[in-house]
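These protein sequences, in sequence, are chains X and Z.
The first sequence runs 1 to 110 under our numbering.
The second sequence runs 1001 to 1113 under our numbering.
Calculated from the structure, these hints are not laboratory results.
A hint or two may mislead.
[As the list claims (entries may be wrong)] Pairs of lysine-lysine residues, derived as DSS-like cross-links and limited to a Cα-Cα distance of at most 27 Å, are as follows:
hint: 1; chain 1: Z; residue 1: K1036; chain 2: X; residue 2: K97
hint: 2; chain 1: Z; residue 1: K1052; chain 2: X; residue 2: K97
hint: 3; chain 1: Z; residue 1: K1022; chain 2: X; residue 2: K97
Note that the structure is a prediction, hence the values are computed from the model and not measured.
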Amino acid sequence: GQQLNQSPQSMFIQEGEDVSMNCTSSSIFNTWLWYKQDPGEGPVLLIALYKAGELTSNGRLTAQFGITRKDSFLNISASIPSDVGIYFCAGPPNTDKLIFGTGTRLQVFP
Amino acid sequence: ETGVTQTPRHLVMGMTNKKSLKCEQHLGHNAMYWYKQSAKKPLELMFVYNFKEQTENNSVPSRFSPECPNSSHLFLHLHTLQPEDSALYLCASSLDRANQPQHFGDGTRLSIL
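Only chain X is shown next, with the shape it has when bound in the complex (with noise of 0.2 Å):
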């Protein structure tokens, strides 16, 4: 089945630090969504993206959606012990479903 690949698949950076994640399909995808999952929760919509080249921010977090409209990125400016968790992107190859990626996990250190 169609996948989504996130890289890298773990971070582990110190407290201050900028972080890069993205996220590549192998079709074009109209939408691209970013999803952050702490330990215990359910994951929580950050940003949803809707046109190809498009930059949205969240607070200290910045997304866009890739030219080709097969890829997004996600970053995270000056990261704080509470961004911790793991950061999945999701996008619909159709209008039945929404497909996830694998996750990359972050770890922030004092």
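Fit chain Z to the given chain X structure using the hints.
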């Protein structure tokens, strides 16, 4: 508070038991979903309901039986499960189509003995 509430949060059951998971959304959405989340695997879509009608069954074994009595409530009935069914089961909802942003509950952590 995401507006999607799942109960119970944790469930331990034997392979011969019958139990049900419940999901309720307070967002006024018309589409609801069940997902399975296993360690080191992407989220797997199980079922899609749109305006109470099932529109997707992603080749889920019949030991999982969904029920959607109205647009706000979704159940997952479980019977004769296998140990490999142990996972986090997540419910989500969206306005009216699956390709829209979905809002998730906190899940039910299911363990099969």
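Now the hints, each set against the structure:
Taking the CA atoms of K1036(Z) and K97(X), the gap is near 14 Å; set against the 27 Å cutoff, the hint holds. As the CA atoms of K1052(Z) and K97(X) are separated by approximately 16 Å, the hinted pair is consistent with the 27 Å bound. Note on K1022(Z) and K97(X): the hinted pairing holds, with a Cα-Cα distance of about 21 Å set against a maximum of 27 Å.
Against the hints set out earlier in the document, no violation occurs for any number.
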